[in-house]
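For this one, chain E is given, so just place chain Z on it according to the hints.
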Amino acid sequence: METRDLTVVFGGHAAVNGVDLTVPRNHFQSIIGPNGAGKTTLFNLISGQLRPSKGSILFKGTDITRLSPPLRTRMGMGRSFQITNVFPNLTVLENVRLAVQSRSGVRYNFFSALSRFDWMREEAFSLLETVMLDKKSDSPAKSLAHGEQRKLEIAMLLALKSDLLLFDEPTAGISVEEVPAILDVIRRIKAEGGRTILLIEHKMEMVLDLSDSVTVLFNGKFLANGSPKEIMDNELVQSAYLGGHYDDAS
Amino acid sequence: MDIVVNLLLNGLATGMLIFLLAAGLTLIFGLMDVLNFSHGGLFAWGAYAGVWMFALTGSFLASIAGAVIAGVVIGYIMERWIIRPVYGNHLQQILVTMGVMLVLGELLKVFWGPNTINAPVPSYLSGSWQIGGVILIKYRLFIIIVGLIVYLALHFLLNRTKLGLVVRAGVMNKEMIQALGYNIKRIFTLVFVLGAGMAALGGVLFAPYSGAVFSEMGLQFAILAFIVVVIGGMGSVKGSALASLLVGLSGAFMAYYLPDLSLAVNMLLMVFVLLVKPSGLFGIKG
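In order, the protein sequences belong to chains E and Z.
So for the first sequence, numbering that gives the first Met the number 0 puts the first residue at 0; every next one is plus one.
So for the second sequence, numbering that gives the first Met the number 0 puts the first residue at 0; every next one is plus one.
The hints are simulated quantities; they were obtained by calculation from the structure and are not laboratory data.
The beta carbon of each residue, even a glycine, is placed where N, CA and C say it ideally should be.
Incorrect hints may appear among the rest.
Not close to chain Z: a few residues of chain E, all C-beta gaps over 12 Å, as computed [as the list claims (entries may be wrong)]:
(1) Phe9
(2) Ala13
(3) Gln28
(4) Asn84
(5) Asp117
(6) Asp167
(7) Asp183
(8) Val206
(9) Asp211
(10) Gly225
Result set (DSS-like, lysine-lysine): computed pairs, CA atoms no more than 27 Å apart in a straight line [said to hold, decoys possible]:
(11) Lys141/E x Lys59/E
(12) Lys173/Z x Lys135/E
(13) Lys135/E x Lys237/Z
(14) Lys237/Z x Lys141/E
(15) Lys141/E x Lys276/Z
(16) Lys160/E x Lys184/Z
(17) Lys59/E x Lys189/E
(18) Lys160/E x Lys237/Z
(19) Lys141/E x Lys173/Z
(20) Lys108/Z x Lys184/Z
(21) Lys134/E x Lys189/E
(22) Lys135/E x Lys189/E
Extracted from the complex, chain E is given alone in its bound form (with noise of 0.2 Å):
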């Protein structure tokens, strides 16, 4: 994944300036960045809810800056939303289900029953098993916790078989007892590697936990790329986002 140059103006105001930044494939790359850095707007033209005023987007080689967003999901782009998006009605394991069916293609066998034994079924039930819902896979997905929510959303993005995972914020209103497993379900999926990952995020202890390298913004600029480690000795990142005393938190 690469984007060269890439901008987009709201009346006037740049929210995202002339960012070149390039993922590498199977890399875990976090985005941080003061709040009105650009970070989801970045997110965004990544996608494709946004067109870009100026540059251009490059994915697995091809340029993808004019495709719509389902033409990019089927390329293998998968993206998180900081609001929860499941079928509340539905139990877990049929919201997880519906994700891996519509990769195998829905016109095939549109009437065949969903047997119970079936691969479908199975491959669902192991990515709960992945994000840790697998003892909860028959309640429905409305009578879960936030967090949970927010878990099951993930199993239904790995479940599109996404190379390229687009995470905004996992944690963002989510009580802090249920941080850690979140945590927990973002460290399993780099372990199981194969997925090039990114990662936009305010809690530093997570990034800097997390990330093969980090990539900062500021006003909608690219400030500074390195590892976890550089990122936090850089003075420039220092004075513009950590206010120049950056305390270890963890």
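Relative to chain E, chain Z alone:
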């Protein structure tokens, strides 16, 4: 006693016919927010096609098959070229489907003339059984059984098949189902055609029940079906089934005991449900 049993069977049979219309309506509305006022036209076309096939072949099974095929073909043409251009616009949907309703009714007159046509009950379903002094009319029992079979088949389709899972999810959140990569238009066409086939089946079953077919016959049932959809909750087949039986039974009993109230009772039922639970008995949408 025998009067109560008779009214019960009468009400159930009417309820089943209403259900055949309402099930399609509730899914069409639930999945795509499409208001379809032409559903009664499909009901009438099913009845005419069935009577015509019966006169031609003398077989009631062929008559049912002919009706369902007519409903499916007309439904497909309607969805593809008339409904699809007005997705997302309720006013246009109402006008266009009202127009289709009128055109379907007039076309019946073009093909079969303006007079009512006799619809005989097949010999093996005519007459009645007498059990312990209670008279059971065979054809009414037949309608109830067919209605039950259709309900169970629909229940299976929605809860045990891949298509059903997608339809249930689509009723809840159609943006999300598209985000997962499903082509909702193709699924909607399938659901619309299924609804059209059920409406036509309702028509062909109703024809021998009333004894005659006429081009406006769909209207009364279409209105009842809309009431049922509102009472049962938009998008819920289970709700429609229950509400259909409620409306059918209350109509039958009221017509006997309190004839003056028999038309008002359905409206009162709807008003009451809307006051107590605005989303309907099993409404998924708010």
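Structure-based check of each hint:
no.: 1; hint: Phe9; in the structure: 24 Å, holds
no.: 2; hint: Ala13; in the structure: 29 Å, holds
no.: 3; hint: Gln28; in the structure: 24 Å, holds
no.: 4; hint: Asn84; in the structure: 5 Å, violated
no.: 5; hint: Asp117; in the structure: 10 Å, violated
no.: 6; hint: Asp167; in the structure: 14 Å, holds
no.: 7; hint: Asp183; in the structure: 25 Å, holds
no.: 8; hint: Val206; in the structure: 27 Å, holds
no.: 9; hint: Asp211; in the structure: 28 Å, holds
no.: 10; hint: Gly225; in the structure: 34 Å, holds
no.: 11; hint: Lys141/E x Lys59/E; in the structure: 37 Å, violated
no.: 12; hint: Lys173/Z x Lys135/E; in the structure: 25 Å, holds
no.: 13; hint: Lys135/E x Lys237/Z; in the structure: 25 Å, holds
no.: 14; hint: Lys237/Z x Lys141/E; in the structure: 20 Å, holds
no.: 15; hint: Lys141/E x Lys276/Z; in the structure: 20 Å, holds
no.: 16; hint: Lys160/E x Lys184/Z; in the structure: 24 Å, holds
no.: 17; hint: Lys59/E x Lys189/E; in the structure: 19 Å, holds
no.: 18; hint: Lys160/E x Lys237/Z; in the structure: 35 Å, violated
no.: 19; hint: Lys141/E x Lys173/Z; in the structure: 17 Å, holds
no.: 20; hint: Lys108/Z x Lys184/Z; in the structure: 33 Å, violated
no.: 21; hint: Lys134/E x Lys189/E; in the structure: 22 Å, holds
no.: 22; hint: Lys135/E x Lys189/E; in the structure: 23 Å, holds
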